[in-house]
Amino acid sequence: MYFLERALKKLSKKVKSKKTDKKKYLPPDIVEGPLEALVLRQAGKSVAFRCRMEYCIDESGLGFSPVGWHPFVAVLAEYETNNKLVYKDSILEKFYKKWQPNNAGEALIGMDPPPKKMAELPPYALFLSPWKPVTLDELKARIDQWTSEDNLEHGHPELDWKKNGLKFFGPVNDDLGEFEFQRLIDIYEVLRKRGYDRDCGDIGVVLLRHRNEYRFLVAGGGRHRIAALAALGYKEFPAQYIVPQFVVDSRDAEHWPQVRAGMWSAKEATAYMDYLFDFDSGSWFDKFISS
Numbered sequence: 003m004y005f006l007e008r009a010l011k012k013l014s015k016k017v018k019s020k021k022t023d024k025k026k027y028l029p030p031d032i033v034e035g036p037l038e039a040l041v042l043r044q045a046g047k048s049v050a051f052r053c054r055m056e057y058c059i060d061e062s063g064l065g066f067s068p069v070g071w072h073p074f075v076a077v078l079a080e081y082e083t084n085n086k087l088v089y090k091d092s093i094l095e096k097f098y099k100k101w102q103p104n105n106a107g108e109a110l111i112g113m114d115p116p117p118k119k120m121a122e123l124p125p126y127a128l129f130l131s132p133w134k135p136v137t138l139d140e141l142k143a144r145i146d147q148w149t150s151e152d153n154l155e156h157g158h159p160e161l162d163w164k165k166n167g168l169k170f171f172g173p174v175n176d177d178l179g180e181f182e183f184q185r186l187i188d189i190y191e192v193l194r195k196r197g198y199d200r201d202c203g204d205i206g207v208v209l210l211r212h213r214n215e216y217r218f219l220v221a222g223g224g225r226h227r228i229a230a231l232a233a234l235g236y237k238e239f240p241a242q243y244i245v246p247q248f249v250v251d252s253r254d255a256e257h258w259p260q261v262r263a264g265m266w267s268a269k270e271a272t273a274y275m276d277y278l279f280d281f282d283s284g285s286w287f288d289k290f291i292s293s
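Each residue of the sequence shown is one higher than the one before, starting from 3 at the first, in my numbering.
Please keep in mind that the hints were generated in silico from the structure rather than gathered at the bench.
Misleading hints may appear alongside valid ones.
Claimed, not checked - Distance condition first, Cα-Cα at most 30 Å in a straight line; then the derived DSBU-like pairs of lysine-lysine: (1) K164 x K195; (2) K289 x K269; (3) K142 x K99; (4) K269 x K86; (5) K195 x K165; (6) K86 x K118; (7) K47 x K100; (8) K100 x K195; (9) K100 x K86; (10) K26 x K90; (11) K90 x K134; (12) K90 x K100; (13) K100 x K142; (14) K90 x K118; (15) K96 x K269; (16) K118 x K237; (17) K118 x K134.
Stated by the list, open to error - Pair ranges (Cβ atoms, derived): (18) K237 x N214: 20 to 26 Å; (19) I32 x D280: 16 to 22 Å; (20) R196 x K90: 15 to 21 Å; (21) A143 x Q44: 24 to 30 Å; (22) N214 x D177: 41 to 47 Å; (23) P135 x T83: 39 to 45 Å.
No residue lacks a Cβ here, since even glycine has one placed at the ideal position from N, Cα and C.
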């Protein structure tokens, strides 16, 4: 129960600090739509909006919607029916054991064929999205930073992604698997008992525009929270455009940094957007993980 106690203590401290210090974080106003929020964000005003769960995905194409599939949501659904569930018997462990991409191309689960140069890079280069203005070395340094900060914040500074693995795919060792499993359950229990506390910060998303449609890429913090909210049946939640590159439009594909650098072709970059919008993660689970 370490994580649950820590999470509850953290929530309690934030609520108390809000009462005693007006300079502490106050969540911004919520506007109804993502486009209104986008216009205000582009004008320099921080706002939140009601983000629809059905449109939320991650970089690998796995979805948080009721018709999609994501291992974080799936393991919490197991826990809902069996609160004595342990990591060793969970769908999360099965996911990490069965889904172990050899390269970044394979990590883009549903792209066939994958981008040619991505197939030559390590799996973590999955996050070298065509619109990202970073080199592979800069990406690796960023992963070093945010994983170490995240592990320290949650009481496990000894974890190192180069040794233990990354939470987004296998292989991971049992230390990281157990950590992610317990962290998800504890966040789920906090949200189940107390609801969504905006004083702890809203979930960050990037607006993806493609073919007159849009999706929300979870970025800027909140993967565990959105998984818990999805498992609890939330249809929408307060979200913000947090990261600097908060809107991506496929009409700009030829000008994206990784396309200009030759890492992706414009055709591959557009195909990646097709993939993010169309990938059936539920069917992929049925074929590759549950079998």
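Query raised in the report: Can you name, in rising order, the numbers of the hints this structure does not satisfy?
Result: 1, 4, 5, 6, 7, 8, 10, 11, 14, 15, 16, 19, 20
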